[in-house]
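J.: Sequence:
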Amino acid sequence: MADALSVISAAVLRNLSDKLYEKRKNAALEVEGIVKQLAMAGDHDKITAVINLLTNEYTYSPQANHRKGGLIGLAAATVGLTTEAAQHLDQIVPPVLNSFADQDSRVRYYACEALYNIAKVVRGDFIVFFNQIFDALCKLSADSDANVQSAAHLLDRLVKDIVTESDQFSIEEFIPLLRERMNVLNPYVRQFLVGWITVLDSVPDIDMLGFLPDFLDGLFNMLSDSSHEIRQQADSALSEFLQEIKNSPSVDYGRMAEILVQRAASPDEFTRLTAITWINEFVKLGGDQLVPHYADILGAILPCISDKEEKIRVVARETNEELRGIQADPAEGFDVGSILAVARRHLSSEWEATRIEALHWISTLLIRHREEVLSFLSEVFETLLKALSDPFDEVVLLVLEVHACIAKDEKHFHDLIVYLVQNFRDDNSLLEKRGALIIRRLCVLLDAETVYRKLSTILQGEPDLDFASIMVQALNLILLTSSELSYLRFLLKKTLFDDDAKNLFLSLYASWCHSPMAIISLCLLAQTYQHASTVIQSLVEEDINVKFLVQLDKLIHLLETPTFAYLRLQLLEPGRYIWLLKALYGLLMLLPQQSVAFKILRTRLKTVPPYSFSGEQFKRQSPGNAFTEVNYVGGSQIVEDGDVSADTRNAHNGINFASLLKQFERVQEQHRAHSKTQALTRCSSSSSKEVQRPEEPNRPLPAPDTSRPPSRSSSRRSPGQLQL
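Residues are numbered in this note's numbering as their position in the sequence shown, beginning at 1, plus a constant of 20.
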């Protein structure tokens, strides 16, 4: 310090701490001249002493004016050193940087001014302090004092010029600092950071693209800034980087893909659009690098397909198609399980379009990697089954396509049909609203006969009799009306002379027994008219209820459709199809006379050429068997309706109709017993809720009406059943 005092007068030192700027400035000029003379003399020890004096006694002084004088003095000393300043920078720069955090805004302002003058002198030698200077400028860019901000901006521009022309700048050392600052929310700091990124990227010798993953997330974060200017600057920087990526042969797609996936789910619309645009380009350019990231990318794309913003939806759909078009191999890192898990997760999305695309992915995976998908089937099968209850038809149809692809294996086919039946049982509205759609589509995608056989087998053992009846009625209606099942109807018409048709008839009959009207419809379709008539005759009073009449009404209307055109044409030959006439008249007798169905059927039967049921047309070969009746018309022997044969042994193609009738009656008896049980339960339940009333005197039973014949139900009572 003594050396410094020996070369600097007391007056200069006093003026250096004066409150007036002009005096401090003049004192600094004196210091500059002194240091210049010492430098020319090569007396660096005294120069060091002067710098230490300015630092310790002035820049670190508790007095603000002293600190101001110290800063202007250090700048003056640097100017005086000129080309020899570099060797003293370790003493000069730290106290100036320390002053950037001073509580006095004027001190901070003079610190900017001092460092600006120092930088102008040392230029490239200044780079060794770049990180500290950058950190200080980052803070000053958000300074509360406008003058300090202005001074910091001037210094910032100078530092940028120095960096762009320097060959000593280390991007590797700078990136960690930049990454740390990228998450700052202050708008001034954000502008400062984007400005530096843009400047450094413009320098040919600095590879900012190689370090893009380190600050990419921060740039995307700025896209949602409240300031339009910051959003615009960030978008401009990102656009420039994307263009560089397109032209670069070597890019780290993997790390950036992880960032983009997260940003594609941003609540900010502009951020989502930019992220999905980048992902779109990455899918086109990434190649093998992106294969391990396909699942994450798909997880980002699928929600964007249903985005409220049309631009995002368009880009997302295009990206999805690009990704699905890539033929990746599991051997190359393509993770089928991860992709499948993502698709399964998005089957529960609230958006229809996303669910549809998720199903397309599952379908694509099944086609390309069937074995791998089936190995993960236990994880996705239940979700696929639940998707059958989706409120949108298009989704349900796609789910069925996926199921059909899976159901090529018998076990999965069985599980599918079992679940369908269970789902219909648990949700009657699903059967009512979507049942026909689901069954018809399955019959198209899979073999209709196989589907109906499996459904019949399952329903045959259905413990819920009410559901079994409803389900059979639904299946029967689909069978009679659906164009997809036309071949099945064609096959059933050959029941009496074709083994395949017979087997199908018998397979359906077992479960069709749950509904009298379904059995009658099946017999009319199979042209087993004699059995249809016998079934009608077997019906008892309990069977003919409102539900039965509603089903009968539907059948009568169906008889007028093209499905039963062959049946109506057969009525032109009443002598040949006598059992058909008897069956139709039987149905007519069951209908209320005032109903529309009664009038329709009666009108149809009136058009039949006159023919009598009496006479010699019914001669029994065996009195005890209704199924060996033979008709003689015009000298020809007719067994069953329309089947002319001289050999009655094969008259029914091996079908034991007597056994079938017993089976039907047995199932119907179960239904009647079930109905009685339900009625008793309801009665008991309602009685328990009523308030107990006083006993009424016994009333005499009404006298039996002997004029009325006993009902069929009474004639079928068990031996121990009382008749009232």
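It is possible that some hints are incorrect.
20 Å max Cα-Cα, derived EDC-like pairs, lysine to aspartate or glutamate [said to hold, decoys possible]:
| # | residue 1 | residue 2 |
| --- | --- | --- |
| 1 | K266 | D221 |
| 2 | K574 | D563 |
| 3 | K619 | E562 |
| 4 | K39 | D122 |
| 5 | K406 | E452 |
| 6 | K159 | E200 |
| 7 | K696 | E482 |
| 8 | K304 | E278 |
| 9 | K180 | D122 |
| 10 | K304 | D272 |
| 11 | K328 | E278 |
| 12 | K140 | D165 |
| 13 | K56 | E104 |
| 14 | K66 | E52 |
| 15 | K696 | D484 |
Label-pair restraints from in silico Cβ distances [as the list claims (entries may be wrong)]:
| # | residue 1 | residue 2 | range |
| --- | --- | --- | --- |
| 16 | T184 | G274 | 29 to 37 Å |
| 17 | D308 | P582 | 52 to 60 Å |
| 18 | P411 | N267 | 21 to 29 Å |
| 19 | R588 | M609 | 35 to 43 Å |
| 20 | E289 | N72 | 37 to 45 Å |
| 21 | D518 | Q613 | 34 to 42 Å |
| 22 | I387 | Q613 | 56 to 64 Å |
| 23 | K513 | P411 | 31 to 39 Å |
| 24 | T501 | E370 | 30 to 38 Å |
| 25 | K406 | D484 | 18 to 26 Å |
| 26 | D446 | Q690 | 29 to 37 Å |
| 27 | I346 | G230 | 24 to 32 Å |
| 28 | T627 | E370 | 55 to 63 Å |
None of these hints come from the bench; they were simulated from the model. Here the structure is a predicted model, which is why all the values come from computation and not from measurement. Even glycine gets a Cβ: it sits at the ideal position worked out from N, Cα and C.
J.: Now tell me if each hint is right for this structure.
T.: Quick rundown of the hints versus the structure:
no., hint, result
1, K266 / D221, "15 Å, holds"
2, K574 / D563, "17 Å, holds"
3, K619 / E562, "24 Å, violated"
4, K39 / D122, "17 Å, holds"
5, K406 / E452, "17 Å, holds"
6, K159 / E200, "13 Å, holds"
7, K696 / E482, "19 Å, holds"
8, K304 / E278, "16 Å, holds"
9, K180 / D122, "24 Å, violated"
10, K304 / D272, "14 Å, holds"
11, K328 / E278, "23 Å, violated"
12, K140 / D165, "24 Å, violated"
13, K56 / E104, "10 Å, holds"
14, K66 / E52, "13 Å, holds"
15, K696 / D484, "15 Å, holds"
16, T184 / G274: 29 to 37 Å, "31 Å, holds"
17, D308 / P582: 52 to 60 Å, "58 Å, holds"
18, P411 / N267: 21 to 29 Å, "48 Å, violated"
19, R588 / M609: 35 to 43 Å, "20 Å, violated"
20, E289 / N72: 37 to 45 Å, "58 Å, violated"
21, D518 / Q613: 34 to 42 Å, "39 Å, holds"
22, I387 / Q613: 56 to 64 Å, "59 Å, holds"
23, K513 / P411: 31 to 39 Å, "38 Å, holds"
24, T501 / E370: 30 to 38 Å, "34 Å, holds"
25, K406 / D484: 18 to 26 Å, "21 Å, holds"
26, D446 / Q690: 29 to 37 Å, "22 Å, violated"
27, I346 / G230: 24 to 32 Å, "26 Å, holds"
28, T627 / E370: 55 to 63 Å, "57 Å, holds"
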